[in-house]
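Just so you know, the protein sequences line up as chains A and B, in that order. Count the first sequence with our numbering and you get residues 29 to 285, in order. Count the second sequence with our numbering and you get residues 29 to 285, in order.
Calculated directly from the structure, the hints in this document are not laboratory data. Worth double-checking, as some hints may not be accurate.
Note that identical chains are pooled: a pair holds if it fits in a single copy or bridges any two copies.
Unchecked claim - Pairs of lysine-lysine, BS3-like flavour, derived with a Cα cap of 27 Å:
(1) Lys-160 to Lys-283
(2) Lys-283 to Lys-144
(3) Lys-231 to Lys-74
(4) Lys-283 to Lys-143
(5) Lys-177 to Lys-256
(6) Lys-160 to Lys-174
(7) Lys-177 to Lys-270
(8) Lys-97 to Lys-284
(9) Lys-143 to Lys-78
(10) Lys-231 to Lys-147
(11) Lys-147 to Lys-160
(12) Lys-283 to Lys-270
(13) Lys-33 to Lys-78
(14) Lys-160 to Lys-177
(15) Lys-143 to Lys-97
(16) Lys-174 to Lys-74
(17) Lys-143 to Lys-270
(18) Lys-284 to Lys-143
2 protein chains.
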Amino acid sequence: MELQKIGIIGSGNVAFHLASAFLENNCTIEWVYSRNEATGSELANKCDTKFIDSLNNISEVDLVLVCIKDDGINVVLNQLPSNINIAYTSGTFGLYDSQASHQNLGVFYPLQTFKKESKVDIFEVPFLIEAKNDYFKQQLFDLAWKLSKNVHFTTSEMRMHLHLAAVMLNNFANHLAVLAKQHLDAHNLNWELLYPLIKETNKKILEGQPEKTQTGPAIRGDYSSIEKHLNALEGDVNSVYKSLTNSILNLYGHKKL
Amino acid sequence: MELQKIGIIGSGNVAFHLASAFLENNCTIEWVYSRNEATGSELANKCDTKFIDSLNNISEVDLVLVCIKDDGINVVLNQLPSNINIAYTSGTFGLYDSQASHQNLGVFYPLQTFKKESKVDIFEVPFLIEAKNDYFKQQLFDLAWKLSKNVHFTTSEMRMHLHLAAVMLNNFANHLAVLAKQHLDAHNLNWELLYPLIKETNKKILEGQPEKTQTGPAIRGDYSSIEKHLNALEGDVNSVYKSLTNSILNLYGHKKL
Numbered sequence: 029m030e031l032q033k034i035g036i037i038g039s040g041n042v043a044f045h046l047a048s049a050f051l052e053n054n055c056t057i058e059w060v061y062s063r064n065e066a067t068g069s070e071l072a073n074k075c076d077t078k079f080i081d082s083l084n085n086i087s088e089v090d091l092v093l094v095c096i097k098d099d100g101i102n103v104v105l106n107q108l109p110s111n112i113n114i115a116y117t118s119g120t121f122g123l124y125d126s127q128a129s130h131q132n133l134g135v136f137y138p139l140q141t142f143k144k145e146s147k148v149d150i151f152e153v154p155f156l157i158e159a160k161n162d163y164f165k166q167q168l169f170d171l172a173w174k175l176s177k178n179v180h181f182t183t184s185e186m187r188m189h190l191h192l193a194a195v196m197l198n199n200f201a202n203h204l205a206v207l208a209k210q211h212l213d214a215h216n217l218n219w220e221l222l223y224p225l226i227k228e229t230n231k232k233i234l235e236g237q238p239e240k241t242q243t244g245p246a247i248r249g250d251y252s253s254i255e256k257h258l259n260a261l262e263g264d265v266n267s268v269y270k271s272l273t274n275s276i277l278n279l280y281g282h283k284k285l
Numbered sequence: 029m030e031l032q033k034i035g036i037i038g039s040g041n042v043a044f045h046l047a048s049a050f051l052e053n054n055c056t057i058e059w060v061y062s063r064n065e066a067t068g069s070e071l072a073n074k075c076d077t078k079f080i081d082s083l084n085n086i087s088e089v090d091l092v093l094v095c096i097k098d099d100g101i102n103v104v105l106n107q108l109p110s111n112i113n114i115a116y117t118s119g120t121f122g123l124y125d126s127q128a129s130h131q132n133l134g135v136f137y138p139l140q141t142f143k144k145e146s147k148v149d150i151f152e153v154p155f156l157i158e159a160k161n162d163y164f165k166q167q168l169f170d171l172a173w174k175l176s177k178n179v180h181f182t183t184s185e186m187r188m189h190l191h192l193a194a195v196m197l198n199n200f201a202n203h204l205a206v207l208a209k210q211h212l213d214a215h216n217l218n219w220e221l222l223y224p225l226i227k228e229t230n231k232k233i234l235e236g237q238p239e240k241t242q243t244g245p246a247i248r249g250d251y252s253s254i255e256k257h258l259n260a261l262e263g264d265v266n267s268v269y270k271s272l273t274n275s276i277l278n279l280y281g282h283k284k285l
């Protein structure tokens, strides 16, 4: 049986993007539940469906998809009947982390960064699929396959490691951009001067061998540049600079700071 | 007077790329000096010019361009006559950091990452120009303008801050890719699964407002994911994960680890 009628729990970035993708691929969104009435109603309106404000009022669907913070997954599972089909979108919450007795519990994790405002090509997004039983696992795979050409079965452990890598490559890379931009803003310098460098950096990383494209003061063991930079930085950004520099120095056989 | 006949000191990544760019833009490379005979001869051959192994043997040129580590710049300056035109390519070495008496001393800094093997579009590269006197400064600007459409006068302090930002956006971003890849390799996971995420990250950063595109466990204050990731990491990469996570937690009003 195809999973077609979907109920969404949550109204954050992931919920918005997956709901749109389902609607574009012949699924229906039967309802949206969220603790946040404003964003929940917004998502329900967008999907032309109803917003519900209590988990007691959910109607039957083929799949309940839980798109919320890890900390809340158990709470939701414990409130829902154990005979439903239910999957969550977390990168790190393990399939057996919950004591819930649901037999049709699974994972439907899109390995991508989502912001409501910003369109993403879902067809390219890797989906990592896992479930407690093979039939439900295949159903989740087939549902993901409607959205994307890039669907994989993984264990909770594999997914956690991939999520960890994703945190480094997206969350941390984006935060470095925030810190760099803040630093340049504070010195009245135009951060767009860095765009050719950002493009080149990305190009080289996507050539697939970042270990061969490392440059800069730390790999050269250029301590005088490093010292000047650290003197220009305070607080968190100083700590970030130091820990990354030490990691590079150490990897390439130089003495740490 | 146009700077046309150039002598190159150094034979690293920057020397290779700038020498090629000069040759493609009607300059001549009169000689290459390097302490490393192998790479020095390689560069000299590539430029169809002579390799010299002693600074006593340099012939007259319009510009001596010093493309070496910051730590070596003073050493070289002290060995060269004070009446020559000389510039260096460092991001952080200040114009008045040296006691050398050269009046025509300047900076010719390309704000980009270079690896010998990898072609770069020099025409897009920002060049940051500075010199002890206005005439020489203009000459260096005109020389850079032959290579690039993106040439700027900056002070040593402005250049240092831009270099610092470049370290964060290139060296650190590339190192994060190294760490993520090593982590996935160690768990037999294919890091190419992360490519769609890397592309999306870069696209969003280049939209120019990284402070609006932050996602992930730290901005959500999702401590249980963070803890699982830290348990999976040891040594330098654990420290790197922790310092970046603390910086994000703090910026978005969550309690640090």
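**Asked** Which hint numbers does the structure go against, in order from smallest to largest?
**Response** 1, 5, 7 and 11
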